[in-house]
Amino acid sequence: MSPRAKPRTTAALAVRDGAGSGAQRLEVRKTYKLYIGGAFPRTESGRAYEIHGAKGELLANACRGTRKDIRDAVRAARTALPDWSAKTGFNRSQILYRIAELMEGRRDQFVSEVMAAEGVGRQRATRLTDAAIDRWVWYAGWADKFSQVNGSVNPVNGSYFNFSVPEPSGVVGVIAPEASSLLGLVSRLAPVIVSGNCAVVLASESRPLPAVTLTEVLATSDVPGGVVNLITGLRRELVLHLAGHMDVNALDAFGLDPGQGVAVEELATENVKRLVRPPAKGADAVDWLSPQAQSPYLIGEFVETKTVWHPIGA
Amino acid sequence: MRRIGSVGGIAAQGTADAGAIIRRVTLTKKPESRPAAASWGLSKRGTPWEYAAAPEATDHIEIRREYGLFIDNAFAPSRPKATFEVINPATEEPLSRVAKASKADVNRAVTAARRAHDTVWSRLPGSERAKYLYRIARIMQERSREFAVVETMNSGKPIKESRDVDVPLAAAHFFYYAGWADKLDYAFPGRTPRSLGVAAQIIPWNFPLLMLAWKIAPALAAGNTVILKPASTTPLTAYLFADVVRQAELPPGVVNIITGPGEIGMELVRHPDVNKVAFTGSTAVGKMIGRAVAGSRKKLTLELGGKAANIVFDDAPLDQAIEGIINGIYFNQGEVCCAGSRLFVQESVYEPLLDKLKARLSTLRVGDPLDKNTDVGAINSAGQLAKIAELVQSGIEEGAEIFQPDCVLPDKGFFFRPTLFTGVSQSHRIAQEEIFGPVLSVLTFRTPEEAIEKANNTPYGLSAGVWTEKGSRIFKMVAAMKAGVVWANTFNRFDPTSPFGGYKESGYGREGGIHGLGAYLDLSANGATGR
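Protein sequence lines, in the order shown, are assigned to chains A and B. Okay, so the first sequence: first residue is 1 according to the numbering used here, each after it adds one. Okay, so the second sequence: first residue is 1001 according to the numbering used here, each after it adds one.
It is possible that part of the hints are untrue.
Chain A is faced by these chain B residues, among others (derived, beta-carbon under 7 Å) [claimed, not checked]:
{"no.": "1", "residue": "Arg1291"}
{"no.": "2", "residue": "Ala1292"}
{"no.": "3", "residue": "Gly1295"}
{"no.": "4", "residue": "Lys1476"}
{"no.": "5", "residue": "Val1478"}
{"no.": "6", "residue": "Ala1480"}
{"no.": "7", "residue": "Val1486"}
{"no.": "8", "residue": "Asn1489"}
{"no.": "9", "residue": "Thr1490"}
{"no.": "10", "residue": "Asp1495"}
{"no.": "11", "residue": "Pro1499"}
{"no.": "12", "residue": "Tyr1503"}
{"no.": "13", "residue": "Tyr1508"}
{"no.": "14", "residue": "Arg1510"}
{"no.": "15", "residue": "Gly1513"}
{"no.": "16", "residue": "His1515"}
Below 27 Å or equal to it, Euclidean Cα-Cα: the simulated DSS-like pairs (lysine-lysine) are [said to hold, decoys possible]:
{"no.": "17", "chain 1": "B", "residue 1": "Lys1454", "chain 2": "A", "residue 2": "Lys87"}
{"no.": "18", "chain 1": "A", "residue 1": "Lys145", "chain 2": "B", "residue 2": "Lys1183"}
{"no.": "19", "chain 1": "B", "residue 1": "Lys1454", "chain 2": "B", "residue 2": "Lys1412"}
Reference listing, derived: stretches of chain A covered by chain B, where coverage requires no fewer than 3 residues with Cβ under 8 Å from a Cβ of chain B [unchecked claim]:
{"no.": "20", "segment": "43–49"}
{"no.": "21", "segment": "150–159"}
{"no.": "22", "segment": "298–310"}
To be clear, the hints were calculated from the coordinates, so they are not data collected in a lab. Beta carbons are placed, not taken as given, at the ideal position from N, Cα and C, and that holds for glycine.
My request is simple: use the sequences and hints to build the entire structure.
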C-alpha cells in the first residue's frame, strides 16, 4: 500500500526515516493476492486492476480474478468441506474465536486499511473494525448452539423417534457487499462458515484490500485451507460464473447490485442453488453496526434440515 | 400374512421357504374370469386361491358432471368458458369435466386472494384462524370415506392407501397447523412473524389431497391466502375440498382453486401480485419456476424429484427390510418423489434378500384401486405409463436383468407390473433418472463407504433409507446421506410435525413441522431474507 498521492500517517505503513542513517527508508509494499485453498496465488490471468482510495489515490494493484480462479476456489472449497463440516461445533467455535483474537492483534492495520478503502475517519474505522472483530466472537458462540435453536424433536403420531437437525448446505458463494469492505464482508461470511459450509467469496470490487488482509488472518488462525476462498476482480467478469457453477450449493447474493438479480438468479436455478437475494435498496443501504446485522436466522439461510426417523421398539 | 387367503394357505405358507413360493406362483394357472385384482394366494394343495373381489362402495359418491373454478367461495365457469375431461385412470372412463382457467381467471383469483388477505384473513386474530383450520380438519375427518373414494377413483391409488394414509394425514396436517396460528410469536424468537400475502401453490397428481393439505394448512395458519392449482389429471378432491371450505364458512377469497394446464400454473407464478410460490413436482418444472420468479421478491419453496437410496446392511432384520423395500418403492405405484427406487444391498446378503424380495413381489395384488385388497393400483395417466415403460425398456437395453411377477393386469386402465432390475450399474438410466413408477433398481456394495459414495452419486437428495441393527452405523449413515429425510429401519413415513424436503436438486425449503411454518412467514429484519 503506497501513499502515492499523499503520505499517510499510519506507523506501520508510512514512509519514515531509516534508523540512524538520515536517509529516507523505502517502504516495503504488500502484494495483494487471491486466497485459494489456504494459499495466496496470483490470478491465473496475470492481470491486475488499480484500487484507489476515497480521494482517488492509488492504493494498490489487486488481482483481476477470472472464471478459472473461481473454479479453482470452488474445488478447494469442495475439498475442504468434508473435514470442516465434520468438525464439532465446539471446535468450529474455537476456530472462529481464534479469528477474532488474531484480528485484534492486527487491529491497527485493519483500521488503517478501512480508512483508506472507505474514506472514513479513524474513529469511524475503529468502530467498524471493532464491530467486525466482535462479530466473529458473536458467531463463534453459535457454532455449538445453532442446532439447539434450529433443530427439533418432532412428536410424530406413531411409535417413532423423529428429529431434525441443520446441516451445512455445502459450498456457498458469497458476493460481498461493495461499500462495507470489512464489516459487511464479515457479517455475511461468518454465518456461512459457522455451520460448516465452505465459502467462495467475491470481494468488494472497489474496496477489496481489507478483505485480502482478512484472508491473511484466516490463514494463520486455524481455519483450514479451503474453508474460505477469496477472489478479487471485476464483478461483471465473475458474478455469473459463480452463480452458474454447478458445484456451488448456495449463493449469498446479498452484496449483489439488485439490477443484476435476474441473470444471477436464473443461473443459480440451474442446479437449484439456495439463494439469498440482494435487499431491495441494495446491501450498501444496510447499517452494518446495527444489532440486526447479525442473526442466527442468517445462519439458517445456508443450512439444510435433515429429518431422521427410527422405530421405537424392543 | 396378506398373501394367504385361507387357513390351509396359512399352513402352507408357514412351511414354505421363499423359493418354494416363487415356484408355486410361477406355476399359477391363469383364471378364466378375473375381476381386476390379479394376485393369488396359495391353497393347501398349491393350486391358486382366488381372492373374492372386495370393492369399496361408490354409490354414496357424488361427482358433479362439471366443476367451475373456485374463487371467492363460489364455483364459476372459466372466462371464456372452457373445460377439459377428467378420467378414472383405472377404467379410462370419464369422471367429470373441469374448468380450464384463462389468464383472466388467474387475475380474478389473485384479486380475490389479495382482497381476502388484506381486509380479512391477515387481520383476524390467530386464535380465530386456528378455529377455522380446526373446522376444516374435522370436516375432512367426517367426510373421510368420501374423500378416500374420490381420491382413488381420480388418482388410481389403492383405496387402502387413500383411506389409511392420504386422507387421515391430510386432515392431521390441518389439525397440526391450526394450533400454530395463534402461537407464531413463540415459534420464531427475536422476530415478529408476518404473513407474506398471496400464495400461489402448484401441486402434483401423486398425492392430490395430501399435497393440498401440505400447502394450504401452513399457508392459512400463517395468515396468507392461497390460490391452489391441482394437477390437471387429479383436480377432484381439490374441488371436494372447496366444498369443505364452504361448509367451514371460511371468508371468501381465502382459499381459491383453479384448474388448467401447466401454462396456467406459470401464469399464476408470474403474477406480480403473488408473494409466495410453493411448488411440488418435477425438477425440470421446478427450475422453470425458479427462473420465472428470478429478480422478484417472491419467496419460493420447491419440493422436487428424487432417486432415493435404500441401503440394506448384512446385519439388517431382513424380513422387516423386505417390507420396507416393498413399501418404499411400490407404495402408490412408486409414484412418490421420495420412493426408495435404488436398493443397495450388501453383497453378503444379496442372494437371500433377493429371493425374499422376489417372493414378496409376487404376492403383491395389482389391479382395481377400489378393491380393498389391492396393493398396487393404476398409474395416474397414459403419459406417465408410457414414461415408465420407456425407462424400463432402457433398463433392458442397457443390460440390466428384469424381474416381474407373473400377475395379470386388467384389460382397461393404466397398469404396470411391479418391476425390479438386477445387474444395474450406476450409469444406467434406471439408476440415474426418476422413474416415478413401480420400478426398483437393485445394486450392491461391500463397505459402508462404498454405499455412501454410491447413494450420494445423484443430483437429487430428497430421502434415503438405512437398514441395520447397529446403532452407531445408523448414525454414521444418517449423517453421510445428502438427503432431507432419512428413514432408519423404516421407510416412507410422514407426519405433520416432521419436516420434509430435499437437498441439492430435490428442492429447498421444508414442509411440515415448525420448519414448514417458517416458509410461509416474513421473518425478515433489516430486509435480510432470501426467498
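Here is how each hint holds up against the structure:
Checking Arg1291/B against chain A by beta carbon gives a least distance of about 5 Å; that is within 7 Å, so the hint holds. The interface hint given for Ala1292/B is violated, since its Cβ lies 9 Å from the closest Cβ of chain A, which is over the 7 Å cut-off. Checking Gly1295/B against chain A: minimum C-beta separation of about 3 Å stays under 7 Å; hint holds. The interface hint given for Lys1476/B is violated, since its Cβ lies 11 Å from the closest Cβ of chain A, which is over the 7 Å cut-off.
A distance limit of 7 Å between C-beta atoms decides the matter here; for Val1478/B the minimum to chain A is near 5 Å, and the interface restraint holds. Because the beta carbon of Ala1480/B sits about 10 Å from the nearest beta carbon in chain A, more than 7 Å, this interface hint is broken. Look at Val1486/B: its Cβ gets to within about 5 Å of chain A, closer than 7 Å, so that hint holds up. With 7 Å as the threshold, the beta carbon of Asn1489/B comes within range of chain A, its nearest partner Cβ sitting at about 6 Å, so the hint holds.
Satisfaction of the interface hint for Thr1490/B is found here, the shortest Cβ-Cβ separation to chain A being roughly 5 Å, below the 7 Å cut-off. For the restraint placing Asp1495/B at the interface with chain A, the shortest Cβ-Cβ distance is roughly 4 Å, inside the 7 Å limit, so the hint holds. Given the 7 Å rule on beta carbons, the hint for Pro1499/B holds: about 5 Å separates it from the nearest Cβ of chain A. Because the beta carbon of Tyr1503/B sits about 5 Å from the nearest beta carbon in chain A, less than 7 Å, this interface hint is met.
A hinted interface residue such as Tyr1508/B counts as satisfied when its beta carbon comes closer than 7 Å to some beta carbon of chain A; here the least separation is about 5 Å, so the hint holds. For Arg1510/B, the interface hint holds, since its Cβ comes within 7 Å of a Cβ in chain A; the closest pair sits about 5 Å apart. At its closest, the beta carbon of Gly1513/B sits 6 Å from a beta carbon of chain A; the interface hint therefore holds under the 7 Å criterion. Given the 7 Å rule on beta carbons, the hint for His1515/B holds: about 5 Å separates it from the nearest Cβ of chain A.
Between Lys1454/B and Lys87/A the CA atoms are separated by roughly 23 Å; this keeps the pair inside 27 Å, and the hint holds. Taken as a hint, the Lys145/A and Lys1183/B pair is honoured in the structure, with Cα atoms around 23 Å apart against an allowance of 27 Å. A distance of roughly 39 Å separates the Cα atoms of Lys1454/B and Lys1412/B; the hinted pair therefore is violated under the 27 Å criterion. Residues of the segment 43–49 of chain A lying with their CB closer than 8 Å to a CB of chain B number 0, which falls below the three-residue condition for coverage.
Residues of the segment 150–159 of chain A lying with their CB closer than 8 Å to a CB of chain B number 6, which satisfies the three-residue condition for coverage. Only residues whose beta carbon comes within less than 8 Å of a beta carbon in chain B count, and the segment 298–310 of chain A has 9; three or more means the coverage holds.
Against the hints set out earlier in the document, violations occur for numbers 2, 4, 6, 19, 20.
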